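*Asks:* Whenever a hint applies, use it, and build me the whole structure from the sequences.
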Amino acid sequence: MRKWMIEVAVGFVPVLLIFLAFVGFNVIPLLVGLVMVGALLTAVKMRGGIVATASQERKRKKVASPGLTFEEIGGQDSAKQELREALDFMVRHEEIKKFGIRPLKGILLTGPPGTGKTLMAKAAAQYTNAVFVAASGSEFVEMYVGVGASRIRDLFKDARTRAAKENKENAVIFIDEIDVIGGKREGGQQREYDQTLNQLLTEMDGIYTSDTPRILLIAATNRKEMLDSALLRPGRFDRHIQVDLPDKKGRRHILEIHAKNKPLAPEVNLDKVAEESYGFSGAQLESVMNEAAIYAMRDQLEEIKQSHLSMAIDKVMMGEKTDRQSTEEEKRRVAVHELGHAVAAEVVAPGSVNQVALSPRGRALGYVRHNPQEEKYLYTKPYIEGQIIIALAGAAAEEIYYGGRSTGSSNDFEQALNLVQTMMTSGLTSLGIINMDMVTKEVLMKENAKILDELAARTKQILIDHAAVFDRSLEILLKEERLSGDQFRCQFRDSFNLPA
1 MRKWMIEVAV GFVPVLLIFL AFVGFNVIPL LVGLVMVGAL LTAVKMRGGI
51 VATASQERKR KKVASPGLTF EEIGGQDSAK QELREALDFM VRHEEIKKFG
101 IRPLKGILLT GPPGTGKTLM AKAAAQYTNA VFVAASGSEF VEMYVGVGAS
151 RIRDLFKDAR TRAAKENKEN AVIFIDEIDV IGGKREGGQQ REYDQTLNQL
201 LTEMDGIYTS DTPRILLIAA TNRKEMLDSA LLRPGRFDRH IQVDLPDKKG
251 RRHILEIHAK NKPLAPEVNL DKVAEESYGF SGAQLESVMN EAAIYAMRDQ
301 LEEIKQSHLS MAIDKVMMGE KTDRQSTEEE KRRVAVHELG HAVAAEVVAP
351 GSVNQVALSP RGRALGYVRH NPQEEKYLYT KPYIEGQIII ALAGAAAEEI
401 YYGGRSTGSS NDFEQALNLV QTMMTSGLTS LGIINMDMVT KEVLMKENAK
451 ILDELAARTK QILIDHAAVF DRSLEILLKE ERLSGDQFRC QFRDSFNLPA
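Numbering (the UniProt record's numbering), first residue to last: 1 to 500.
Please keep in mind that the hints were generated in silico from the structure rather than gathered at the bench. There's no promise every hint is true.
Stated by the list, open to error - Below are the EDC-like pairs computed for lysine to aspartate or glutamate, each with C-alpha atoms no more than 20 Å apart in a straight line: (1) Lys272 with Glu256; (2) Lys248 with Asp271; (3) Lys331 with Asp471; (4) Lys97 with Glu85; (5) Lys80 with Asp176; (6) Lys381 with Glu447.
As the list claims (entries may be wrong) - Label-pair ranges, simulated between beta-carbon atoms: (7) Arg92 with Pro113: 31 to 37 Å; (8) Lys272 with Lys446: 44 to 50 Å; (9) Ser484 with Arg92: 54 to 60 Å; (10) Asn222 with Ser307: 30 to 36 Å; (11) Asp77 with Asn198: 35 to 41 Å; (12) Arg153 with Pro113: 27 to 33 Å.
All values derive from a computational prediction rather than experimental measurement. Virtual Cβ for every residue (Gly too), placed ideally from N, Cα, C.
*Replies:* As structure tokens, then:
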């Protein structure tokens, strides 16, 4: 009906204006008035759209408090314990009054993507029996001035209103990716982001935690260094909790959680999966279990086997197998490159090679998969040098067998350069303890070249000393396109007459 009326008006108004002009009526004031009315209606419609969008967001946020508990979040024991202690200020508010403790206003969760920061915020709402209002930093960014600040006000107002309606004393507001609106302010230019941040700071200062409802703001970011200092100070974000990648125990716990609804074969060893998935985040571990289930379904099996989990780790780490067909010469060069990595790795860390494969995955034409090693948090100079040798071994093998390198070594060189930089910043080079900003680029480049040249020479010597192992393994790899770690170590034993 409304559409029909608009179509009639669009057809009738021009005809009326032409008729009035024909009979001698001055239609110019009427035209000006119509233009002004049209502009006003357009502005109202646009503003109404903004209000409607904000209203829709509030409706979307008005869901029941999530029933997720801390026990259902795998790993992160220290982070969960620290968060629980901070939340106890809301739960035990009468007790903390006796000690004159000021309740916390904000908790900042920082850490890599996929480590469970959002899950911990949901568990915090359940722990405190609070209403849960969530938003993302991008929801406050608009081209219209003042809209972001208005949405901040609406967010806090919504939390108070919902808490009153549900008769709850606590409200948890969660803002994900807060670095979008909480970035450092720059002088000389007033940005829309600055107005939004200023409003957030004002709202946090206005949180009277002794009043009901008590509001706690939880924010998450993986770029803490970008946040404005006024946001990070005590009295706003009082606690900064680091949510790191899980350790082996944490990975095992996460795998167990995601395996509850999946049919695992009796021989599946989740401890082995936890070892092989070193450096994986919680989101990646969930993906491993999901991909393993897909592989089992693809094979038309009723249970997930250990081989499916192993393939899933490879897929999450390097991507799915591709259909790219390499030429025989390119295939041989890839085999030489990967065996260079494998020989160096087995010399530097005996027993570390799990398998060498020529099957393309993602952007890689081949890969070496390593057995899990002991988790390290401190690195010595010999250890870092060993990792650099492993990284340089692929290019070194190509130089020995082909007299030159290929573009396949670019990622290896990037890894080696990062390791050298770690050595420099840690005072493990001949430069000693230095301030990187006070040393010229020429000095740094000279030291960098010196380290890499020495380690490259050591790498080549290792490969030359183990040429027999290399040649035997190369023959097997080219024939079968896969060399297991046991087969590889068998070549070492045969070449050097080592005991089994």
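*Asks:* Work down the list of hints and note, for each, if the structure agrees.
*Replies:* For each hint, the structure was consulted:
1. As the CA atoms of Lys272 and Glu256 are separated by approximately 13 Å, the hinted pair is consistent with the 20 Å bound.
2. Between Lys248 and Asp271 the alpha-carbon distance is near 8 Å, which keeps this suggested pair within the 20 Å criterion.
3. Distance restraint check for Lys331 and Asp471: the Cα-Cα separation of roughly 15 Å lies within the 20 Å cut-off, and the hinted pair is therefore satisfied.
4. Of the pairs offered as hints, the one joining Lys97 and Glu85 holds, with about 16 Å between alpha carbons and a cut-off of 20 Å not exceeded.
5. Between the alpha carbons of Lys80 and Asp176 the distance comes to roughly 18 Å, so the proposed pair stays at or under 20 Å and holds.
6. Restraint check: the Cα-Cα separation between Lys381 and Glu447 comes to about 15 Å, which is no more than 20 Å; the hinted pair holds.
7. Taking 31 to 37 Å as the suggested C-beta distance range, the pair Arg92 and Pro113 conforms, at roughly 33 Å.
8. Checked against the given bound of 44 to 50 Å, the beta carbons of Lys272 and Lys446, roughly 45 Å apart, stay inside it.
9. The given range of 54 to 60 Å is respected by Ser484 and Arg92, whose C-beta atoms sit roughly 57 Å from each other.
10. Distance hint for Asn222 and Ser307: a CB-CB separation of about 34 Å, consistent with the stated range 30 to 36 Å.
11. The hint said 35 to 41 Å for the Cβ distance between Asp77 and Asn198, and at roughly 37 Å that hint holds.
12. Checked against the hint of 27 to 33 Å, the C-beta distance between Arg153 and Pro113 comes to roughly 29 Å, which is consistent with it.
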